[in-house]
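Participant: Which chain is which? The protein sequence lines are A, B, C and D, in order.
The first sequence begins at 1 in the numbering used here and counts up one residue at a time.
The second sequence begins at 1 in the numbering used here and counts up one residue at a time.
The third sequence begins at 1 in the numbering used here and counts up one residue at a time.
The fourth sequence begins at 1 in the numbering used here and counts up one residue at a time.
Keep in mind the hints are simulated off the structure, nothing from the lab.
Backbone N, C-alpha and C define an ideal beta-carbon position, used for all residues, glycine too.
Hints are supplied without guarantee of correctness; some may be wrong.
Unchecked claim - Below, a list of computed lysine to aspartate or glutamate pairs in the DMTMM-like style, where the Cα atoms sit at most 25 Å apart:
#  : chain 1 : residue 1 : chain 2 : residue 2
1  : B       : LYS179    : A       : GLU601
2  : B       : LYS237    : A       : GLU76
3  : A       : LYS563    : A       : GLU589
4  : D       : LYS109    : C       : ASP65
5  : B       : LYS297    : A       : ASP513
6  : B       : LYS233    : B       : ASP261
7  : D       : LYS134    : C       : ASP65
8  : A       : LYS279    : B       : ASP78
9  : B       : LYS325    : A       : GLU504
10 : C       : LYS30     : D       : GLU101
11 : B       : LYS233    : A       : ASP513
12 : D       : LYS160    : C       : ASP40
13 : A       : LYS458    : A       : ASP272
14 : C       : LYS112    : D       : GLU104
15 : B       : LYS232    : A       : GLU76
16 : C       : LYS116    : D       : GLU104
17 : B       : LYS80     : A       : GLU589
18 : D       : LYS160    : C       : ASP65
19 : C       : LYS55     : A       : GLU572
20 : C       : LYS55     : D       : GLU104
21 : A       : LYS279    : B       : ASP169
22 : B       : LYS275    : A       : GLU572
23 : A       : LYS470    : B       : ASP78
24 : B       : LYS81     : A       : GLU590
25 : B       : LYS179    : B       : ASP166
26 : B       : LYS270    : A       : GLU506
27 : B       : LYS232    : A       : GLU504
28 : C       : LYS116    : D       : ASP87
Unchecked claim - Among the chain A residues that face chain D by a calculated CB cut under 10 Å, a handful are:
#  : residue
29 : LEU281
30 : GLY285
31 : HIS293
32 : VAL363
Unchecked claim - Reference excerpt, derived from the structure (chain B facing chain D, CB under 7 Å, subset only):
#  : residue
33 : GLY216
34 : MET217
35 : LYS325
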Amino acid sequence: METSTQTQSTAVHSHTNDVHIHEHEHHHHQSFISKYIFSLDHKTIGKQYLITAIFMAIVGMSLSLLMRAQLGWPGEQFSFIGKLLGKFAEGGIIKPEYYYALVTLHGTIMVFFVLTGGLSGTFFNLLIPLQIGTRDMASPLLNALSYWFFFASSCVMLSSFFVMAGPASGGWTIYPPLSALPEATPGSGTGMTLWLVSMSLFIASGLMGGINYISTVINMRTKGMSLWKMPLTVWSFFITAILGVLSFPVLFSGAIMLVFDRSFGTSFFLPDGLVVADKLLNHSGGSPILWQHLFWFLGHPEVYIVLLPAMGMVSEILSVNARKPIFGYKAMVYAIMAIGFLSFIVWAHHMFQSGMNPFLGSVFVFTTLLIAIPSAVKTFNWLTTLYRSNIIFTPAMLYALGFVSLFITGGITGIFLGNAAVDIQLHDTYFVVAHFHLVMGAASFFGLFAGVYHWFPKMFSKMMNNTLGKWHFWLTIISLYCVFFPMHYMGMAGVPRRYYAFTEYEWTSMFTDLNRFISIWALIGGAAQVLLIFNFFWSMFKGKPATANPWKANTLEWTTPIKPVHGNWPGEIPEVHRWPYDYSKPGHEEDYIPQHIPYSETGSSNRKGDY
Amino acid sequence: MKNSRLNATLFFVAGIAFLILVFYAHFQNPQWYLPAATSVHGLVTDHLFDITMWITLPVFVITQGLLFLFVFLYPHRDDKKADYYPNNHKLELIWTIVPAIVLTWLIVQGLQTWANIKSPAPADAEVIEVTAEQFAWNFRWSGKDGKFGRNKPELMKASTNPIGIDFDDSLSHDDITSKEIFIPVGKTVLFNIQAKDVIHSFYLPHFRVKMDAVPGMRTNFWMNPTMTSADKKEDVKRTTKGLKEVDERLYGQVSDETYKDANGNVIVEKGGIIKRAERDQNGNLVKSTDVVLRLSKAGIKKIMAYHDFNYVLACAELCGLGHYKMRAAITVVTQQEYDKWMSEQTPDFEYQ
Amino acid sequence: MDTTLSTSHAPAKTSVWSGGVRPFNISYGKMMMWFFILSDFFTFMGFLFAYTALKSSHPDWPNPDYVFKGFPLMGHHFNAPLLFVGTMTFILIVSSFTMVIAVDAGHRRDYKKTVKYMILTILGGAVFLSCQAWEWSHLIHGVKLSDTTVKMIKDTNGNMLRKEVPYAMVKLTDGIITVTPHTAILVKPLGEKITEEAGKAFTVSTNATDITLTPIGNNKPSAWMEFFNEGMTFGSTLTHNPFGQPLFSSLFFLVTGFHGFHVFSGLVILVIIAFNVYNKRYESRGHYEMVEKAGLYWHFVDLVWVFVFTFFYLLK
Amino acid sequence: METQTLAHKPIPVYVKSIFSALIPVLTLVLITVTLSAKNVPGGTIAALWIYLLIPAYYVVSRLLSGKQLLTFSHSNESHSHEYVPGDEDRYIVQSINHHLEHHESPVKKFVKVFWILLVVTLIEVGIAYSSLSKMTMAVLFMFFTIVKAIYIAGTFMHLKDETKQFIWTLVLPVFFLIWFIFILLTESGYLLGHRLF
């Protein structure tokens, strides 16, 4: 493949004005460092994102297992936890301050570093140029910078484990005054400062990535790739990128104000008359609820930043493996748009019981429940896609099916939570934990897994082991349901989330057995992930060599050479003639027709009203 | 695809097992379903919860069922092709508009309930001022004059004057403070909620009351309790009393008889609560009080017992290290008992 | 089997969106700059909306007319609201104007003119930043704040109105108000000032520690507030503000600081680009789009200033 | 092929008319019902309904008539250049030249806008000195701010020369900001009445 790289280089030469000079200097003699570390190639950057995210996911999951150990066996002494955490778990019992740090960092790492950075970073980078048919991102330099900012922010976040008072411990939403006052909790000291620094870097990374993705999709589609011919993956990535570009800046302004409150004595979020440990603080005039508005203006779109890419990839994988066009392609696109739009005007449903104006509660009940409509459309369309299909059970397909199931389960509970009156009982209880872990956490993870299994051949030119993949799937989905389904019951009874132990109350301690059950399944689920990690790294080196189009898919990425080349296509970029879902078209011999096959070659199968 | 059929079947079996388990879990543990509320508005929100459940449950079963069914019915066969069925406007319209109508109905129900709950409290409501701090709850009644005295942040001392009552203000002289709440049954109670340091959440799970205590501002919530603590306790006792297996699940139970071991030493008294674990003075968790162990040693296989029940106030918003144990007792009493309790209280002013 | 099958297929309608074409007819570089600007606009609006929200939840928000009334070299008693900030706005508009000429010259590949106007723009930006520096320091250096802090303000019933606040922040309730400064030394000059300037609104009596004001007739609190604001000049910092709510000055320094940071980074970008233009770096590329992108950023800084100007200086 | 005929069979007229009639009726019913909810500012809720149902009506009627919701139409600019990877520099040169050919010297326009900005700023300062009510002033200031913003973005940033679709791409997100400030103002008004100190 070396030769093709060489021929390619001429075509890529003057690709972008910004990187123009850079390319001249470095292109022909790529050392290991410039090829794999400071690479400007979107595929390499995608892989860098993925591997960083896998590492962060392992950290995030370990944190949750430590939490589960505490909740399942309160007061039990685990000597290895004592050895691992030192002064934070003397005698092998995790201390409350560290438990809250675990809660906070588990949330932050999973939401931002794995499911935003990992999911978006990996698949946007890998798939956008390949699926719309362009040689690279609009600005490869900015793209690489975006990754390195992400990397730096991950490092800062992880470094907070090593500060004296421990990492941030105010929950991932870091509501002030708790997060602003070091007097109030040990985690609001240096740990919180590092959290804010890390998030600022993360936002910078997200913005650099976001404007890049949007511009690439708008400007650089190959000939014939009209918007209505884009795969649903690209549609969802496109809308997600827009959400990120519009919502993250508001968190950024909030974060800066919080930094000022913490470090420079201002009181944007700190009201008069705060008395902490009998000491009257000097702050005056701020409003803690203002932070919640600024945070959730990002926070809610963030949920869809996490979920939409998974939806897009699942739609694609369902269609490929069901050998059937996705049902209601346009409805799916409109649903993505509707969800994207609505996600901006519903944020205060996280704040029904927060003391905000109750009238706003009414407004947000109204907008929130509307989200169920596009979600229902998507679900029914996925189901109809499966109707009279021809399903191939690849691991990716199993994950896509699992996604649909999780999305239904988790989505339905959202209807309870979206209704302010019902939310009085359920707000901040395990019902919420169950809801968002199923619909946003687990479902997005399933999207991520499906994506990894499906596009692994494109990333590493090797196939992953199917048997391991299937075992991984079954163990994961069973343990997920066993972990999160019972939590609904705890939530209905009103067991609050973020409790270090449930032994303080009779009404919560009736769930001790259930908690142990959950913890055991969490451990099983955690252990099952070893299968994926082993499969991933083993297949990278020892996997079966991939074929050009192993899943017989229609999209453009499968027309590139098996060994990836810089610039993606050694010759001309293929022109696109049809929508990406011509599977099992009557009149055509094969059960798929790739996007670049012109209608003139498929005469017998052409129909009126073809996309 | 040689193992298509296997996977399809596996999926189907798993799906059916999933649905069966969901229902089994429910019918096996009916007490896990939303416990009955003991406030007037709570009954309404519970009703809304039930409505939502009856709407979503069929959707849940049908969609999950179809998912597993389709997977079971259509595994890959080399000799057949899938249907080319890209869209159907009518179908799509139907499943856009039907959920829209159903949700609209739910929204309207929800808005009305919400508006009623959030409407201003009736004028004759009993007002209780709630002040949250790390990690305790303070309550204050206005006393005879019906007016609360000033409180000032600079006077707040956790040990002597946690809510900083200013005794220079004559209105505060008859104010009554307490660390636990007493409220009369059947009367509207308005909680005026505030916080000293960070955000807490005033949460009465059995009354469906939850409202954040936000520093710097006053939030409120009013409710009307329908059952006294004693009645509720009796109610729970009646429904849960029975012979219980002596095993590790026997906790949170109240023994209905006195059980002794072979030497005649009392293991558990009548009315004694069997706890799973307790805390010593230093707040460290001490393992089970050994009641279960001693009972089984004494050869007792089953005991007559019932669930213990107390109303409780908890904190529902992460507020620091003691968040999980920021509790207070709440007792609902009859009006006479309430008046009696009130008359026995000494205003803080007299201690000054 | 199916009548809709056909061997010929009508070619798809082509539009600017059908791929292989820039649908907005913009290069991606410029487009990315626009999207960056859009997202940065959201950041600014986050700040300004926080300002609006906090402002409208406080009755004692200072009137900007009494805060921004000075002018360099005119001394403390100069009183012309908006004059200085109007000048600053003028400078920024001028620099925006020179920038747009530079961009236009860049389009014509007139590198000399481009450099010339870019230098003018840089000068404008630098002057703007200096003005901001003056405004900041002018606000910070006034009478030392510690000298004017009042420990406690009570009304005659003994109700605490505010803890540790300067005079100007006293909230007025109906009736008589007692102001108790913590240093008696201050009372004298301030007391004199009050008796001198209070006019007919209040009867004023002072002793060693207290100033007591009794409103005459139906005086409104706002009149009283304004009297204090007019009567004295104080310095404000990030955390203290003699003109009223400290949040006002916190937000003022935060938002104008953030804007100033944008101006400063804009200046750095302009200097680099001007240098590149001068070295004919873009000549070899055949176009001066970098100048245009830098220009977009510079105009954005101006655009945001329009909003900052309105929110901070104009809206009362 | 039953499925195909299903997909392409036109929707009967009676279905269309029922749906078309349903939506306005539904709107009215909903407004009435929501207004009957206690303690909810009725006007706002009604505005919300109208504001969300009109687009819904558009969507449904478009779908019913078999049209696309969004049409990515031809640009009004006829000179969209074909996108060739690696061609960016040449494209930029071409489009700049094209622009220069078809437009007379814009400096005059810039001078005009400069004066407009200056005068509007002066008017604003004048208003600030006037004795108008706070509310009138606020409205005038917002109006003039938007005027200035339009001139800066439109002329100085050349947004007017871009395609309509691009302008909308940038302007539409501002809707979210309007919604945001609406919520924050409602919120802070409430906070004003519930402050402790």
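Participant: Checking one constraint from the list: CA of LYS179(B) to CA of ASP166(B), max 25 Å. Satisfied?
Facilitator: Measuring from Cα to Cα gives roughly 19 Å; hence the hint holds.
Participant: Taking the least C-beta to C-beta distance, is MET217(B) closer than 7 Å to chain D?
Facilitator: Holds - the Cβ of MET217(B) comes within 7 Å of chain D, reaching about 5 Å at its closest.
Participant: Are the Cα positions of LYS112(C) and GLU104(D) separated by 25 Å at most?
Facilitator: OK: LYS112(C) and GLU104(D) at ~21 Å, within 25 Å.
Participant: Check whether the Cα positions of LYS233(B) and ASP261(B) lie no farther apart than 25 Å.
Facilitator: Given pair LYS233(B), ASP261(B) is violated - Cα atoms ~29 Å apart, limit 25 Å.
Participant: Holds or violated: LYS297(B) with ASP513(A), Cα cutoff 25 Å?
Facilitator: 23 Å, holds
Participant: Assess, step by step, whether the Cα of LYS470(A) is no farther than 25 Å from the Cα of ASP78(B), and give holds or violated.
Facilitator: 21 Å, holds
Participant: Is the straight-line distance between the alpha-carbon of LYS179(B) and that of GLU601(A) 25 Å or less?
Facilitator: At roughly 83 Å apart (the allowed maximum being 25 Å), GLU601(A) and LYS179(B) break the hint.
Participant: Just to be careful, I want the Cα atoms of LYS81(B) and GLU590(A) compared with a cutoff of 25 Å; is the pair within it?
Facilitator: 9 Å, holds
Participant: Hey, does the LYS325(B) contact hint survive, CB to chain D under 7 Å?
Facilitator: 26 Å, violated
Participant: What's the verdict on LYS160(D) and ASP40(C), does the C-alpha distance respect the 25 Å limit or exceed it?
Facilitator: OK: LYS160(D) and ASP40(C) at ~21 Å, within 25 Å.
Participant: Holds or violated: are the alpha carbons of LYS279(A) and ASP169(B) at most 25 Å from each other?
Facilitator: 22 Å, holds
Participant: Is LYS134(D) within 25 Å of ASP65(C), Cα to Cα?
Facilitator: Distance ~13 Å between LYS134(D) and ASP65(C) Cα, so the pair holds.
The structure fails to meet hints 1, 2, 3, 4, 6, 8, 13, 15, 18, 19, 20, 22, 28, 29 and 35 from the earlier list, while all remaining hints are met.
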